[in-house]
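Trainee: Below are the chains, spelled out letter by letter.
Number of protein chains: 2
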Amino acid sequence: MIFIGEKINGTRKKVAAAIKDRNSDLIRQLAVEQTEAGSAYLDINAGTAPSREPEDMVWLIGNVQAVTDLPICLDSANPRALRAGLEIVHNTPIINSLSGEKARLEGVLPLALEYGAHLIILALDDVVGIPDTSSGRMEIIKRLTGMALKGGLAEDQLYVDPLVTAISTGTENGTLTLETIRAVKKAYPAAHITSGLSNISYGMPLRGIINRTFLAMCVASGLDSVIADPNDRALLETTMAAEMLMGRDRFCMGFNKAYRAGRIGPQAK
Amino acid sequence: MIFIGEKINGTRKKVAAAIKDRNSDLIRQLAVEQTEAGSAYLDINAGTAPSREPEDMVWLIGNVQAVTDLPICLDSANPRALRAGLEIVHNTPIINSLSGEKARLEGVLPLALEYGAHLIILALDDVVGIPDTSSGRMEIIKRLTGMALKGGLAEDQLYVDPLVTAISTGTENGTLTLETIRAVKKAYPAAHITSGLSNISYGMPLRGIINRTFLAMCVASGLDSVIADPNDRALLETTMAAEMLMGRDRFCMGFNKAYRAGRIGPQAK
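In the order they appear, the protein sequences are chains A and B. Here the first sequence is numbered in our numbering, starting from 1 and rising by one per residue. Here the second sequence is numbered in our numbering, starting from 1 and rising by one per residue.
By construction, these hints were calculated from the structure, which means they are not laboratory data. Do not take every clue at face value.
As the list makes no split between identical chains, a pair holds if one copy fits it or if it spans any two.
What the hints assert, rightly or not - The calculated DSSO-like cross-link candidates involving lysine-lysine, where the alpha carbons are at most 30 Å apart (straight line), are:
1) LYS102 - LYS150
2) LYS150 - LYS20
3) LYS185 - LYS20
4) LYS257 - LYS142
5) LYS257 - LYS150
6) LYS186 - LYS142
7) LYS20 - LYS142
8) LYS102 - LYS185
9) LYS13 - LYS186
10) LYS186 - LYS150
Since the structure is predicted, the reported quantities are computational estimates derived from the model, not experimental observations.
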């Protein structure tokens, strides 16, 4: 499971304040915690102030790279912020994200191709928004994937996000995502499939249970990456169990080791 | 989700003692508890003493039917015990189970056909045991399903058990079951797919987490029934979430109602 740690996000109040106050400690702490919890990438979102976003992005990346060697997932739709980040990252990053929206096609795709970055592809555009059929989502995914491949990215540099909408607003929203995942897996077997899954439980009680159950179902359908909080212990337990059950944990050693180290299972008092 | 309550099983010590002592109270309590927890069927296994099994089965069924209207899942390989049960059940039962073993082909299949019972079909025989490929399991499943259909049972009377072996003894054992489930679903779309899933976690720590994660993955692959303890609250939560996420809980009403009734979620102190 490719865990993309989501915590350094300027749309969260605490992180927004830390960015504004140049409070390095909080940012570095989030980077260390998410690294120790087993992230493969750290998502960095510098928040919503367009004028400040490039320099905030650079400041965030500087702090993160001061304490971890993990590659970065540059989370922005702002070409200037993306380019500023692309110039200073130490390892090949992921760009989060390309969609079929005109601004992203013009602003994000060329940067991904120029820098050879990995790229998250969202199944939406500005004509239909998020299609409510898996064939509609696949139509967009195929269009964007085709552009990325034609531009020189390899299939395994792509992270397709099938998109997740709330089950409370549509009984078919779960199977719609699962179908899309299976279709992506079939069309692009080497591509990664990622998502922030927690939208599924919006408006429902017991969100953690719904999110974990859906994660397991998505993994069984082909998802191999998740954008989430790696310090969510219950989610990590489900993730590690799902990986093991998919045959991706040789001799169950990862699960057993994590258990013995106290990373999963009942916490010591 | 078709929940087959597993608790009235004479291979469990307490139940074996209750059968021996003709302790009706315990049996009736188990029947009531599993009914209230939402079972669709109650499995009844009269234990391992062949000479006493028919009369023990009759005694158990009598007690269960005294307190619940749920149909019975007759869990035996003994034709005399099965016939005794088939004669007295009030509703169409499930017979648990037919396999490719000679004794069951001769002793169990004719009874299912004669009484028009539903039938659990296991992917094993006495030539290869449990095949370690999904194609091997499908070969047996197709043979047995063919016999049952030819004998007059309808496809939706069949409950195919893909079989589950421990992930600790083989890294591929999870995907093997998932593949078999998908193959059954494709070959027999109207058939049910059931299993007792807990073998998956044998020899591992955190068995509950592994079992629930695997349940969600199996449901995503086509499983629509489970042989388990409906009073396992965490398992029920996962089951209800999985059903909802598969689009089988209109307006999420079942999940929300269960939550408001306190059947799922944190327990009142």
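Trainee: Hints first: check each against the structure and report whether it holds.
Mentor: A quick look at each hint next to the structure:
no.	hint	in the structure
1	LYS102 - LYS150	within (18 Å within a copy, 59 Å between copies)
2	LYS150 - LYS20	neither (40 Å within a copy, 74 Å between copies)
3	LYS185 - LYS20	neither (41 Å within a copy, 55 Å between copies)
4	LYS257 - LYS142	neither (40 Å within a copy, 40 Å between copies)
5	LYS257 - LYS150	neither (42 Å within a copy, 51 Å between copies)
6	LYS186 - LYS142	both (12 Å within a copy, 26 Å between copies)
7	LYS20 - LYS142	neither (39 Å within a copy, 65 Å between copies)
8	LYS102 - LYS185	within (26 Å within a copy, 41 Å between copies)
9	LYS13 - LYS186	neither (40 Å within a copy, 48 Å between copies)
10	LYS186 - LYS150	within (19 Å within a copy, 35 Å between copies)
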